[in-house]
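J.: What follows is each chain in one-letter form.
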Amino acid sequence: MKIPLSWLKDFIDLDGLSVEDVARKLTLAGMEVDEILYVGLSMPEYKDGEKHEFKTNGIGWDKEKLVVAEIRQVNPHPNADKLTLLDLYDGEQDQVVLTGAPNIFHLKGAGKLEKPVKVAYAKEGTTLYDGHAEGQVLMTLKRAKIRGVDSYSMVCSEKELGITDESDGIIILDDDAPVGMPLSDYMGDAVLDISILPNMGRNANVVGIARELAAMLGRELKKPDTKVAVSGQSVKELLEIEITTPEMNPRFVAGLIRNVELKPSPYQIQRRLKLAGIRPISNVVDATNYAMIEYGEPLHAFDYDVLKKRAGDKKIKITTRTAKDGEKLTTLDGNERKLTANNVLVCDEKGSLSLSGVMGGAESEVTDSTKNILLEGAAWNFINIRRTAQQHNLPSEASFRFSRGVHPALAEGGVRLGLKYMAEWAGGAVAPDLVDEYPLPPKDAVVDVTVTDVKRWLGIDLTLDQIAELLSRLEFKSEVLSDKVRVTSPNHRMDIGEGVVGVADVLEEVARSYGYDNIPTTTMADALPPQVGNPVHEWEEHLRDLLVALGLQEVVTYRMTSPERESRVAKHDEYVRLANPITPEKSVLRRSLVASVFDSLEKNIRYAESFSFFEIGPIFEPVKNDLPKEPHKLVIVMTGLREATAWDVKEPPTMDFFDLKGRIELMLGGLRLSDVSYTATESYSYLHPGKAAEVKVSGQVIGAFGELHPLVKEQYELGDSSVLVAEFDLGTLRAMTPTYEIKSIPDTPPIYEDIALIVDESVLAETVEALIRQTGGRSVTDVRLFDLYRDEKIGAGKKSLAYALTYQAEDKTMTDAEAAAIRKKIVKRLEREVGAVLRS
Amino acid sequence: MQDKLNEIEKTALASLASVSDPAAVEAWRVANLGRSSELMGVFSGLGKLSKEERPVIGQAANRVKVALEAALEEKAAEVKKAALEKSLAEEKLDVTLPGRTTHIGRLHPSTQQLRRVLDILAEMGFQVYTSREVETDEYNFQLLNFPPHHPARDMQDTLFVEAENRGDNPIIMRTHTSPGQIHAMRHFAATNPQDPPPIRIALPGMCFRYEQITVRSEVQFNQVEGLAVGKNITFADLKGTLTDFVRRMFGENTRLRFRASYFPFTEPSAEVDVECFVCGGEGCQVCKNAGWLEILGCGMVHPNVLMNGGYDPKVYSGYAWGMGPERQLMLRNKVGDIRYFWGNDVRFLEQF
Ligand SMILES: [Zn+2]
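Protein chains in written order, with the working numbering: chain P, 1 to 840; chain A, 1 to 352.
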């Protein structure tokens with residue numbers, strides 16, 4: 001919410017405080033000032049190294065060079081039809097100023113003006129915004145010749161002074177503007193852009209902010225004066241009100257003003273409204289907006305004569321009720337709205353008039369010909385207003401306030417203030433009395449607060465009197481009893497609860513009033529809970545570390561995807577579907593982490609020669625009308641060069657199945673899992689049927705890996721290299737029991753020996769190694785395949801496997817003869833079981 | 001014979017002078033001190049000499065041998081040194097050529113930042129507690145004191161999951177990690193409902209909002225919350241804990257300020273700003289010239305939330321705070337585009 005400082009000063013004395021001081025007080029008390037816009041008041045100049053506090057913008061007006069002046073005569077320009085020459089007086093001397101402003105053009109050649117026109121006059125050398133430039137561009141007024149006439153100064157528009165972004169024509173000031181007065185003294189301002197928190201709806205107005213400031217500064221709040229002279233027939237004789245659902249409409253107040261003259265509001269009023277972000281319309285409409293911004297009560301003006309006519313000149317009866325499903329109303333923006341049963345309407349006997357608290361109806365709105373005005377100030381259920389405003393997509397200043405809760409007590413003062421401003425700016429006579437239907441006054445919350453409550457919740461020691469004083473600053477009624485303060489919520493706020501919640505609500509107000517800054521910082525005295533850790537989280541983090549140590553880059557991808565994107569890897573019918581996705585591309589929750597990682601890989605493929613990605617995260621398995629399952633998965637994807645290229649490493653080989661398998665072996669080793677086995681598999685549709693393996697630990701499948709199926713690869717742009725992919729279910733993997741036993745290093749010398757065996761292609765390496773280990777028993781401590789060889793000499797359908805064996809005895813030095821004996825046994829067994837032949 | 005020995009010595013030493021490489025040194029040794037050298041011939045001929053001559057010649061021959069050996073040793077060292085100097089002079093690398101690298105692994109920046117946060121919290125006694133990402137409205141909002149249709153819900157635009165017959169309890173993507181507060185409190189309260197144990201936990205995880213994906217906003221983001229519940233926990237303790245945390249996180253001289261704020265699940269609530277660590281408060285682009293950076297939201301756990309978690313607000317109190325690791329990284333490392341995080345562009349990831 002934007003609040004001009006000058007407006008605030010109507011209600012609180014801010015002498016001795018800078019704009020920043022005010023902004024700081026508000027910010028710390030929960031009314032965060034997002035930006036200070038200077039519109040005339042001088043901007044702070046920060047020295048080098050000096051600390052800033054607020055985002056600032058705008059322009060200060062030079063006191064010497066920008067003054068109030070009066071135009072005494074408007075003369076034609078000798079060489080240009082569209083320009084005029086103004087004779088004006090700036091309080092010290094006469095000046096001639098050139099202007100093209102359209103809103104002064106009609107006075108051209110009228111001779112000496114009967115009533116001089118007051119304007120904002122900028123002398124030579126003034127810095128202001130360029131009125132003709134796009135956006136806000138600073139410029140300095142310089143002497144120039146325009147169409148043969150000397151120009152050295154100007155009469156300013158709102159854009160040039162930074163009051164609005166765009167403007168046509170010069171500012172015409174109010175008649176009482178004192179000629180010669182520096183403009184910044186007359187109407188220099190600064191606008192505080194304040195964020196209004198959802199529980200601070202009471203402060204979405206000038207008086208509310210002034211009240212908070214008064215409390216924080218310990219100064220007095222000047223309450224708005226709503227007294228106005230009245231005349232004519234009482235409104236009570238002309239109108240009655242019936243409220244059918246008080247829970248939706250606790251109060252309805254109406255007043256009447258007769259014989260208004262619609263015209264623009266005084267300039268100072270228009271300026272304040274503009275600075276507050278409200279477009280001035282006419283004095284009557286401006287009065288409702290001005291009173292709302294000032295006091296917080298949204299008002300609605302009806303054309304009284306329209307209502308009277310609809311009532312057939314009889315007494316008008318206003319009824320508020322909920323709408324019927326399907327009922328229609330044309331709102332004043334010209335749209336016909338289809339209503340539902342939770343919308344509340346203001347009606348007369350002929351039908352609906354307005355969508356209450358959100359927007360008026362077209363028929364009864366104020367027009368240029370309106371003479372008499374019925375002014376409504378009401379209280380509505382804030383949740384209902386919020387739903388209605390959302391339903392019809394009608395955010396407005398009124399619904400903003402009503403949906404945050406406007407206290408029903410404000411309705412009366414709001415209407416009086418609105419009528420007073422109409423009378424001031426539009427003439428007219430306010431009718432005596434108000435029609436005030438108030439079936440459901442809210443109960444002001446009463447809360448008991450003790451010294452212990454304050455100590456226990458806030459950690460500060462306050463006496464009952466201190467508590468009472470802090471709260472009374474915020475207009476709480478605080479009664480000091482023997483052992484507690486009985487606090488009654490003031491009748492402008494609706495955010496204080498009852499019982500234990502009310503205590504917390506009041507304690508927040510104690511803390512704000514005391515100042516968060518003044519509360520000490522202490523070290524917790526409470527007992528440290530038992531430290532039990534989080535084994536699942538710690539295990540996943542350990543796994544991440546292992547994978548990083550293996551040279552893999554972690555990625556984190558979107559949980560949302562589309563079935564089409566995923567179908568390239570995996571087709572599923574059932575998904576966790578979003579009811580309101582931000583885009584069709586992100587309409588469901590992923591079921592395949594592989595697909596997520598491929599999306600990342602595909603986007604990156606041009607940017608590096610090699611990729612080794614992994615991701616750990618959930619996939620989402622739908623459960624009809626209930627929460628989905630969220631199993632965590634690990635996916636590894638590798639493709640590209642095995643080593644980094646360098647100036648002398650030109651063409652390293654690309655990675656294949658065994659690069660990935662090696663990482664998996666190391667990962668499982670790092671998890672201290674033994675009893676791991678790998679079995680060829682064809683049951684994963686996205687994997688190459690001949691280059692895929694299932695991984696088992698202790699006989700249980702924990703995941704699978706292999707080369708990406710060529711048909712799947714085709715669906716992506718993943719380059720020429722093989723793409724290797726592995727997927728593990730982390731719940732299953734985590735359940736595997738690790739071994740922590742570390743073998744001791746033997747002291748005895750080992751004997752190393754290589755043997756090469758020729759076997760049929762069909763014999764698995766795993767089988768050969770297992771036979772060697774079984775036969776060698778504890779005497780063979782290591783078996784490592786170091787060569788795999790095929791050629792004509794050993795015959796078609798055959799392969800040679802070469803193993804490096806380590807023989808070692810635990811307790812003595814093994815002799816060559818002993819090693820030879822073991823080898824003989826091994827070769828014999830291999831001959832017998834797999835038909836192996838020892839290569840010589 | 002004596003003359004012959006002198007001649008051998010003289011000739012040998014003369015020829016040694018021209019020796020200049022290791023091979024020549026070895027050849028000289030074989031020629032002059034080897035088995036078939038003239039000098040060795042003198043030694044082997046000693047037996048043929050008379051009793052009187054033998055010790056004299058033997059001694060003289062020995063002297064020559066020692067002299068030649070010393071000369072050889074000296075020469076060998078000299079040659080070796082010269083060879084080394086030569087090779088050192090010749091073997092000059094262009095040290096500015098790039099080194100041979102390898103592909104190294106890294107954690108995603110969000111994981112790195114989450115760890116920094118969680119490591120500090122762990123030292124402060126806050127243990128990790130995780131909970132699900134798809135939630136019910138009840139856990140994400142209602143039990144956290146957001147009634148249905150409450151304006152506070154405007155603060156968190158929600159992604160809804162398709163489901164039927166859920167009434168006022170739709171299934172949603174969690175908008176914050178706070179549902180974990182209720183899960184955790186109920187979990188701990190169940191261990192001893194009459195006298196629930198104190199809690200100090202950190203709640204990390206992915207959260208979701210109905211936000212278009214732009215430079216500044218994302219549909220998913222990480223959050224970490226801290227929660228402490230006990231019989232003796234105050235707002236002053238909250239200030240103390242967060243002051244410690246922020247100084248560990250951003251440096252020991254970091255200034256911070258607490259300003260009043262609003263969250264439905266805390267009361268009182270506060271927003272914590274730290275003095276901009278980019279400009280030190282002088283104003284810069286990162287802090288939008290404000291000098292302060294909004295870094296976390298916090299407050300005393302609302303009595304309704306304590307109650308919903310199984311903790312009696314008349315006996316227990318607690319505080320909670322939440323922050324965003326991605327936001328911290330953006331501020332700290334001047335990451336200009338939040339989309340980088342889930343974009344996983346290697347050119348971004350490699351910088352962390
Ligand atoms: Zn900064």
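Since the hints were derived computationally from the structure, they do not count as laboratory data.
Hints are not guaranteed to be accurate.
[Claimed, not checked] Restricting the straight-line Cα-Cα distance to at most 27 angstroms, the calculated cross-link-like pairs of lysine-lysine (BS3-like) are:
#, chain 1, residue 1, chain 2, residue 2
1, A, Lys288, P, Lys2
2, A, Lys231, P, Lys477
3, A, Lys231, P, Lys484
4, P, Lys603, P, Lys624
J.: If a hint holds in the structure, say so; if it doesn't, say that too.
T.: Structure-based check of all given hints:
Restraint check for A:Lys288 and P:Lys2: the C-alpha separation of about 19 angstroms stays at or below 27 angstroms, so the hint holds. Between A:Lys231 and P:Lys477 the alpha-carbon distance is near 30 angstroms, which puts this suggested pair outside the 27 angstroms criterion. In summary, the hint linking A:Lys231 to P:Lys484 is supported, as the alpha carbons are separated by about 21 angstroms, within the 27 angstroms threshold. A C-alpha spacing of about 34 angstroms is found between P:Lys603 and P:Lys624, which places the hinted pair above 27 angstroms, so the restraint is violated.
In terms of the numbered hints stated before, the structure departs from hints 2, 4, listed from lowest to highest.
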